[in-house]
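Chemist: Below are the chains, spelled out letter by letter.
There are 2 protein chains.
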Amino acid sequence: MTTPVSLPQATIADVGERALIERIRQRLPPAPSSLVVGIGDDAAVTAVERGTLAVLTTDALVEGVHFDRRFSSAFDVGYKSLAVNISDVAAMGAAPRLALLSLMLPASLPTTDLESLIDGVAELARATGVTVAGGNITRSPGPLVVDVTVMGAVKPRRVLTRAGARPGDQLFVSGSIGAAAAGLAWLQHHGRDSTPSPEDPLLQECVTRHRRPEPRARLGSLLGRMRAASACMDLSDGLADAVRQIALASGTGARIERARLPVHPGATAYFSDRGQDPVALSLAGGDDYELLFAVTRRARRRLETVARQARGLSLVHIGELTTDPALVLDHGGSVEPLPAGFVHF
Amino acid sequence: MTTPVSLPQATIADVGERALIERIRQRLPPAPSSLVVGIGDDAAVTAVERGTLAVLTTDALVEGVHFDRRFSSAFDVGYKSLAVNISDVAAMGAAPRLALLSLMLPASLPTTDLESLIDGVAELARATGVTVAGGNITRSPGPLVVDVTVMGAVKPRRVLTRAGARPGDQLFVSGSIGAAAAGLAWLQHHGRDSTPSPEDPLLQECVTRHRRPEPRARLGSLLGRMRAASACMDLSDGLADAVRQIALASGTGARIERARLPVHPGATAYFSDRGQDPVALSLAGGDDYELLFAVTRRARRRLETVARQARGLSLVHIGELTTDPALVLDHGGSVEPLPAGFVHF
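Residue numbers (the working numbering), protein chains in the order written: chain A, -17 to 327; chain B, -17 to 327.
The set of hints was computed from the structure by calculation and includes no laboratory data.
A few of these clues could be false.
Which copy is meant is left open, so a pair is good if it fits within one copy or across any two.
With a cut-off of at most 25 angstroms between alpha-carbon atoms, the simulated SDA-like pairs for lysine to any residue come out as follows [said to hold, decoys possible]:
{"hint": "1", "residue 1": "137", "residue 2": "13"}
{"hint": "2", "residue 1": "137", "residue 2": "178"}
{"hint": "3", "residue 1": "137", "residue 2": "21"}
{"hint": "4", "residue 1": "137", "residue 2": "119"}
{"hint": "5", "residue 1": "137", "residue 2": "18"}
{"hint": "6", "residue 1": "137", "residue 2": "196"}
{"hint": "7", "residue 1": "137", "residue 2": "17"}
{"hint": "8", "residue 1": "137", "residue 2": "29"}
{"hint": "9", "residue 1": "137", "residue 2": "208"}
{"hint": "10", "residue 1": "137", "residue 2": "31"}
{"hint": "11", "residue 1": "137", "residue 2": "-3"}
{"hint": "12", "residue 1": "137", "residue 2": "308"}
{"hint": "13", "residue 1": "137", "residue 2": "33"}
{"hint": "14", "residue 1": "137", "residue 2": "261"}
{"hint": "15", "residue 1": "137", "residue 2": "22"}
{"hint": "16", "residue 1": "137", "residue 2": "262"}
{"hint": "17", "residue 1": "137", "residue 2": "231"}
{"hint": "18", "residue 1": "137", "residue 2": "315"}
{"hint": "19", "residue 1": "137", "residue 2": "283"}
Please model the complete structure; the sequences and the hints are all you need to start from.
Modeler: Here it is as structure tokens:
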């Protein structure tokens, strides 16, 4: 048995830049042959298939804004920084291929935290077939920042934007909503090293959803390939925000049926126990990383095919886009305005 | 005549996220038809030409590390954030095409500063034919961070990496070195709102080089297209570092002839006047964004063609790659070790 001793941890200020890059490279999965130049040169170079479009997105996780090291481990931060970008690429109907990792590291960051962060990136990269092809490391005089860029590929005329839907199209959401918001609320009370009791598996799912959201890479790419959706967006800022964005971009209104919303049972239990409204909090809460998409009448057959190939992920009909520009929540016939989503500023 | 009055400036905390994105979009040049989806969706989508490779790079400017708002205006920070990335793409022999802008903004940042920053990005984007296709905005609890990703295009077998050079290849550097280091040293004494006297145009050039470096986009793309270089790298961390990187990646040593180094005359004057060694400081100083490249004996003719098309940019022969793994500075026959470059950590 070993007794834990408190040793001074190595920090990134003790390790040179090239040694840091080498450590990062060693923790990442090997690159495929389509990557002509990878980590360590001025830029990454990759082959793009014929007849495909490149899809590019960037999204940063900033300490003190998007995460708190008291509630998220370094592994979680790395995992999530890639997940949020893959989610954006999936929401365009594309398959994620390549990632660049731009790290801004406080000098006091323990080297083991950097390694855990990379392990988190590597785990999701492996699971989704994404190659980390390069990036940048610099010092940060303030917060830890992980800014990721992901490139994906999609065939022309298979791209799913926020625009393109029409009144009468049905709105669907994948999986469930509210779990990440409930998980975060629980962590804010208990701290990052806590885990809910094994006797509460639903709450455990909520905490996991907040820490390591699973981007819907397969679903997005299926929706694009099968041309099953007329518009699509991910739920990074919550379902209410996503409905607003698709309606705005498509020039429609929307009616969401409150009773159809797939609120995660763990979120329902957690918020109800505290006298809070699970539906309102699940509509407004961000970080679910499900997909919201619109389906035309003609595409419903194709959606059934997608649903069969979605490996058990549920696709739930929650409402319609409307000619009337209002955004409403229908509660058994009585309607109220749809609440606002997460606000960044 | 108007009397300047001190009005409270609007800050980004007063403006919503979508309004900020709209303001940014309005200040940028219009997108070409190859951009299928631009700013405002989950990701940008672009057509990639047949028979080309995509080149991707990311580089961040962090307040307090890479710039000081006392010495650089917001316009300069925007301009430079794009310049350093275009420089990396040029160093691969590629033509820059698309940029993503990831902004981390302190809540106290005046809105006019954000607008100036975008104007700086837009000026260089226009000059280089780069399209800003999307990005991300988030709050920063600490420094202002501008993280840019650039995608470029290059034909297969035209890619210039750091590796690929051999002993006997000649080393060339474009333009001049040391100007950015001299300009920064001057600004650190005089403050960002100062400009050197019009009677000292060389010093003015140095300050401009620090504030708004001109990436060698045309040269990099010419070197790639003409297959004139066997290896290439930009001077972001100084010439000494670039020589070390190319030699290391190519498995060679290098001998640089001190007398051949094209030290900018403004840097020579500025450092000499202060009793400092202009050559040592120009070798070590970063931010010049010239290109260092190796040329085989067989490619010298092709280099002459490149030189004729480089629009007056000088290409200076400064030394050779060697079988001997040492990196040396030859001073009229007596050799000394090449000094180290800029250190990030």
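Chemist: Does each hint fit the structure? Answer for all of them.
Modeler: Do the hints match the structure? See the list:
1. 137 - 13: For residue 137 and residue 13, both the intra-copy (23 angstroms) and inter-copy (21 angstroms) Cα distances are at most 25 angstroms.
2. 137 - 178: Neither: 43 angstroms inside a copy, 54 angstroms across copies.
3. 137 - 21: between (27 angstroms within a copy, 20 angstroms between copies)
4. 137 - 119: neither (33 angstroms within a copy, 28 angstroms between copies)
5. 137 - 18: both (22 angstroms within a copy, 12 angstroms between copies)
6. 137 - 196: within (24 angstroms within a copy, 36 angstroms between copies)
7. 137 - 17: Both: 20 angstroms inside a chain and 14 angstroms across chains, each within 25 angstroms.
8. 137 - 29: both (15 angstroms within a copy, 10 angstroms between copies)
9. 137 - 208: Result: close within a single copy only, 11 angstroms intra versus 32 angstroms inter.
10. 137 - 31: both (10 angstroms within a copy, 13 angstroms between copies)
11. 137 - -3: neither (43 angstroms within a copy, 37 angstroms between copies)
12. 137 - 308: neither (34 angstroms within a copy, 50 angstroms between copies)
13. 137 - 33: both (6 angstroms within a copy, 16 angstroms between copies)
14. 137 - 261: For residue 137 and residue 261, neither the intra-copy (37 angstroms) nor the inter-copy (53 angstroms) Cα distance is at most 25 angstroms.
15. 137 - 22: Between. Shortest inter-copy distance 20 angstroms satisfies the 25 angstroms Cα cut-off; intra-copy 30 angstroms does not.
16. 137 - 262: neither (37 angstroms within a copy, 52 angstroms between copies)
17. 137 - 231: Intra 22 angstroms, inter 36 angstroms, cutoff 25 angstroms: intra-copy only.
18. 137 - 315: neither (42 angstroms within a copy, 60 angstroms between copies)
19. 137 - 283: within (21 angstroms within a copy, 42 angstroms between copies)
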